[in-house]
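Q: For reference, the chains in residue letters:
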Amino acid sequence: MLMRESAEDDVLLDVRDLETHFYGEESVTRALGGVSFQVKKGETLGVVGESGCGKSVTALSILRLLPKLTARTVGGEVRFHGRDLLDLSDREMRKIRGHRIAMIFQEPMTSLNPVYTVGRQIAEAVQIHTNATHSTAMAKAEEMLRLVRIADPERRVNNYPYEMSGGMRQRAMIAMALACSPELLIADEPTTALDVTIQAQILRLIVDLKERTGTAVMFITHDLGVVAETCQRVIVMYAGRIVEQAAVTDLFARPAHPYTQGLMRSVPDPRRGRQRRLPEIPGIVPSLREPIVGCSFAPRCPFAIDICREKTPMLRDVGSSHAAACWRAEEVMGA
Amino acid sequence: MTGPLLKVENLTKHYPLGSGIFKKSIPVIRAVEDVTFSVEAGETLCIVGESGCGKSTIARLLMRLVEPTGGRVLIDGTDIAGLKKDALHAWRRRMQMVFQDPYSSLNPRLTAGQIITEPVENFERLSRKQRNALAADLLQKVGMSPEMMHRLPSELSGGQRQRLGIARALALKPSLIIADEAVSALDVSVQAQILNLLLDLQQQMGIAFVFISHDLGVVEHIAHRVAVMYLGRIVELAPSEALFAKPVHPYTEALIAAAPVPDPTRVRLEVPLEGEMPSPINPPKGCAFHPRCPLAIERCRIEVPPLVPMADGRVVACHVRAPAERQMQPTHVDLQLGH
Ligand SMILES: Nc1ncnc2c1ncn2[C@@H]1O[C@H](COP(=O)(O)OP(=O)(O)OP(=O)(O)O)[C@@H](O)[C@H]1O
Ligand SMILES: Nc1ncnc2c1ncn2[C@@H]1O[C@H](COP(=O)(O)OP(=O)(O)OP(=O)(O)O)[C@@H](O)[C@H]1O
Ligand code: SF4
Ligand code: SF4
Ligand SMILES: [Mg+2]
Ligand SMILES: [Mg+2]
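Just so you know, the protein sequences line up as chains L and R, in that order. Residue 1 is where the first sequence starts when you use full-length UniProt numbering, and the numbers rise one by one after that. Residue 1 is where the second sequence starts when you use full-length UniProt numbering, and the numbers rise one by one after that.
Misleading hints may appear alongside valid ones.
[Stated by the list, open to error] 20 Å max Cα-Cα, derived SDA-like pairs, lysine to any residue: (1) L:Lys68 - R:Arg151; (2) R:Lys141 - L:Asp152; (3) L:Lys68 - R:Leu152; (4) R:Lys285 - L:Ala151; (5) R:Lys7 - R:Asp76; (6) R:Lys173 - R:Asn132; (7) R:Lys285 - L:Asp152; (8) L:Lys68 - R:Asp76; (9) R:Lys141 - L:Ser287; (10) R:Lys141 - L:Pro282; (11) R:Lys141 - L:Ala151; (12) L:Lys68 - R:Ser157; (13) R:Lys141 - L:Arg276.
[Said to hold, decoys possible] Now the stretches of chain R that chain L is said to cover, found in silico as 3 or more residues with beta-carbon under 8 Å: (14) 91 to 105; (15) 187 to 193.
[What the hints assert, rightly or not] If you want the footprint, here are the derived chain L segments under chain R, 3+ residues with CB under 8 Å: (16) 88 to 101; (17) 259 to 269.
Just so you know, the hints here were simulated from the structure itself, not pulled from any lab data. Just so it is clear, CB atoms sit at the ideal spot from N, CA and C, and this is done for glycine as well.
Next comes chain R alone, as it looks inside the complex (with noise of 0.2 Å):
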């Protein structure tokens, strides 16, 4: 069978703010809006985009923890929220998650080994051997010693919790994993040494990896394709090398400008993105990004922009880089991407 494995069709979710007494009039957080995209076998789709964008949102609705307010997603083709308990018992051995806050995902109560195999004694009986044996191994693949085994996680290192975390996501050696800023607490030799672990895996055992992380470092080293959100929704999509080398999107564009570069004697561009801080409660009219967009035009504050293919192979949301009317003149946004 081909097709992808994952795939997520126009999915939404608002979240309801607040307890309001006139039901009607409860405001919501439109936290994801209106998202497609689909995740081969082995591969990496990355995930960017401003703090409270959605991204873990996304992740959430992914793993079946919080229920869809529209769309859908499909695992192999199935949707996932017609599974049956059965079903969704085996499809949960293949979809683990690391979540973006290890300290509230880790039982206080349990040691580190009790939290590595507890996953793969939902399925399978492990002997006392065993136990030590798999939680052993998985603690050295994410570069810590095995003896940590017997502590708590309040007795570890905020890295060390997130790298337990990681740990835990492995132990069931599942197909897909959702790793929601999975790296950020680490220094960058233990990162280089776990982005080093994820890809060996994905070579030998093909994992796919749905990948949230705000270090577009990190996300261009592994990132096969990636995905760009702006308030809710995806505003570009694209390979890797393409979108690095030329952002279309005029958020994309800013943010890829904004990364800190680690050269003291390199100053970056002062002050990305100005502008007041979008709201998911009152998101803007049209584009939600014009209010901040330096290239907005009329129509950017009326009509939503589409994702409209490119040559190269991405979509892009924007009326003025990637008008929908193939017809529209060249403008000066061809000089401006003409670089």
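The following block holds chain L by itself, in its conformation from the complex (with noise of 0.2 Å):
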């Protein structure tokens, strides 16, 4: 079986099949076709993918929290501690979400509250999973902003969020999402607006609060060079669907996807020249909107062949804890 080696019990989530679907007008936008993975309890997973491939979909999709209106999951499961998450009442997904489940989301300001202030928003998330005073969670609110690096943390408590720089904000939810210890937090692209230095100690920040209370992360980041760091396991996205997974080393070693491969070139490497045209991968995704024949990635994958434009390759194994859904894997892994 694909990757499912570890017991039983050391799995925290399991998602299986996951299908969610935009509808428009006139169309549908099947953002994520089966989707299937597992966080295993304390361990960090890394979850990279062209622009657009169903990151942020597969943790909204997780936490429940798509617009109601335009969107539905419409097959599969999220097991939670062996619950589906999927089954729950309203109220009860409420609970779990911000506590047991939290969330950073990746753009600030579609989570921040313009109005009100940042040290009060963390202080409402601190008192509505402990009963903490009103002072109690001030004051953590104040504790956490030092934790994230904010300098004058007790000024900046009463900042509005328009007040605060791009990076403070992304810290600013940062620590509303740690305020609460939570089981699994997922991270999607929490460092992107941060310069490196502060990046990694709010890295560090994680990998602490990981050892210190076992919380499983699932990281959504394109940047490598954070997977490479932080991530034991990777999963790599593609057109709603996931092209490979394996053990940190292993992907960087030998990606056995075409896709990854082409991540890897693409990454700036000053060695090839400045001000050069940067290797890319030619072509964009597919539309999303037309069920896709064979695999996903054919119209810009060198390693193209009939059979690849016929049928859609699955995930299979490849090696120990690494697999691709590719069917020139092996040849791609020894290119």
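Dock the two chains into a complex; use the hints.
A: Here it is in structure tokens:
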């Protein structure tokens, strides 16, 4: 069986065949076309993939935070401690969110309320899940801001989101998510707005939290450097599916999917010369409006052969704890 | 006419902090402090520095979205503060910005197509056909499918929204683009596409960029010159190659050492920059970096180091590594730099 060798009770989150669609006026966008993966207790799972491939939608589907009117998870299961979150009532789901599973959103302004101070918002997050008094919660908010390396936290608690820089807002949101020591932290590009020194400190904060409380982390990021440094396992998504999953060292040493390979080659490398064109993966992602026949990467794939355009490759083992959805994975790994 | 396209002189911005009742005691956030630089046509100047050090504030000052507390911004030698309505309108056509936060900078009620064509329509009428063609072309250029022109910003992924902001900035074919973390949400393959696009446009049309980014890999790739900021001030400004080959300011050095490497078998130098975060409300006296600087000497606690020009064309503000007095004795510093 694929990557399921670990004992079931190690598994905190088990996502199976998750399918999510968006309904437009005259079309359906199949954002997730059957996504399966597991997050084990205490591990950090990296999620990478091309912009628009469904990383955020995966996170929002797990937490059931999709727009109610236009989106629906039409299939699959999201088992958390063995219970399918998709079966829970809204009330039960609210108790899990922000408490046992916390999320750091990709764009801070989507989740920070512009009319309340940052301190008040963090304090509220604390109060929802503990019976802390207002002043204890505010003190905790201040402490959390200090932890995420915001200077002058005693004054900054009174800042409105617009009074903070982009990276400070992102850190305020991280503070909010960490305030309740969740069992699972879903972090969607949590360090995109941060310079490398603060990024390193925030990553260390997350690692510390993990070590102290055993929090598992699902880390969505496009930064391969961050993946290399923080994750044990990685899943690679393309056009609404998982195309590769592997231990982090295997993924970097021997990527088995042509998309992953292209991704690694696109990292700017000064040794190849400055101000030159970077290697890119030619073409764009397929439209998710029409069902895709064959391999979704075929139009851009240098390895594509006839079978790729006819039959969809399924995720299959290509090494121990290494799986890829590619007809020619073995040759790709050798290339 | 020669001279730089953009010239920034002693630019300063203080934000009042909260609403103090006693006017004169209102504390301020010193977001930008006495910043001077220039950008030539066709040049890329990158700005890097710690979160909260004032990069976006500079961008907003350049676009005249906030008024400076002091200093001037000159475009082709003209102070933008003095521009009257018509001149301002004409100038806006030449200068576009990509905002750090795509979510709040895109009108949520307009479709992607409308967002892209709106700046052009401020200057000329477009037929429906022209509008669609323009939107489709620009969406494709940023790697998105033209069918997305009918979507609202909320119906796009984070990276797609960011690319929409880039497409909008390109629509007017400006001569200067201020890009604030414009590729931060993009995976490396799409990022490569966008950077290639920007490099192509720079070569074809001579666009200049002020490119704010925390991604040193990107900066090293595209920058001609790099300005390093710390707590509102420029502490080092150097040709890109020189900066990455040999950072001189201790903060630049720490920054470059802290960059994550996409290789799980390499362990990077642990714990860059210990010490309390500096506050722009109560900046440390003297050199703002002194509480965290391994080289700090007594003088650093007292005097703000001036930017001193060095032989290889860079300027550095550091008492130890770029002492203002040339006659200062060569010290251990030279030994440290001589590797
Ligand atoms: N509300 C919506 N209506 C229609 N389509 C949507 C909606 N939200 C997202 N999508 C589409 O679903 C796909 C997956 O989006 P998602 O936000 O998960 O991408 P992502 O992998 O997080 O990308 P990024 O790295 O750019 O954030 C995208 O193609 C996007 O355009
Ligand atoms: N409208 C505002 N009102 C009050 N303070 C502000 C405002 N905008 C920015 N600031 C403050 O100015 C300082 C500089 O912010 P700025 O957004 O320029 O930083 P930045 O370098 O862009 O940081 P980041 O990398 O996190 O985006 C911060 O301390 C911030 O809190
Ligand atoms: S299945 Fe074929 S087209 Fe798809 S990634 Fe593999 S080689 Fe390329
Ligand atoms: S002036 Fe002093 S404190 Fe500042 S960077 Fe130089 S050595 Fe360090
Ligand atoms: Mg996303
Ligand atoms: Mg900013």
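Q: Each hint: holds or not?
A: A quick look at each hint next to the structure:
| no. | hint | in the structure |
| --- | --- | --- |
| 1 | L:Lys68 - R:Arg151 | holds (17 Å) |
| 2 | R:Lys141 - L:Asp152 | violated (43 Å) |
| 3 | L:Lys68 - R:Leu152 | holds (16 Å) |
| 4 | R:Lys285 - L:Ala151 | holds (16 Å) |
| 5 | R:Lys7 - R:Asp76 | holds (8 Å) |
| 6 | R:Lys173 - R:Asn132 | holds (17 Å) |
| 7 | R:Lys285 - L:Asp152 | holds (16 Å) |
| 8 | L:Lys68 - R:Asp76 | violated (51 Å) |
| 9 | R:Lys141 - L:Ser287 | holds (16 Å) |
| 10 | R:Lys141 - L:Pro282 | holds (12 Å) |
| 11 | R:Lys141 - L:Ala151 | violated (41 Å) |
| 12 | L:Lys68 - R:Ser157 | holds (17 Å) |
| 13 | R:Lys141 - L:Arg276 | holds (18 Å) |
| 14 | 91 to 105 | holds (count 5) |
| 15 | 187 to 193 | holds (count 7) |
| 16 | 88 to 101 | violated (count 0) |
| 17 | 259 to 269 | holds (count 7) |
Checked against the numbered hints listed earlier, the structure breaks hints 2, 8, 11, 16; every other hint is satisfied.
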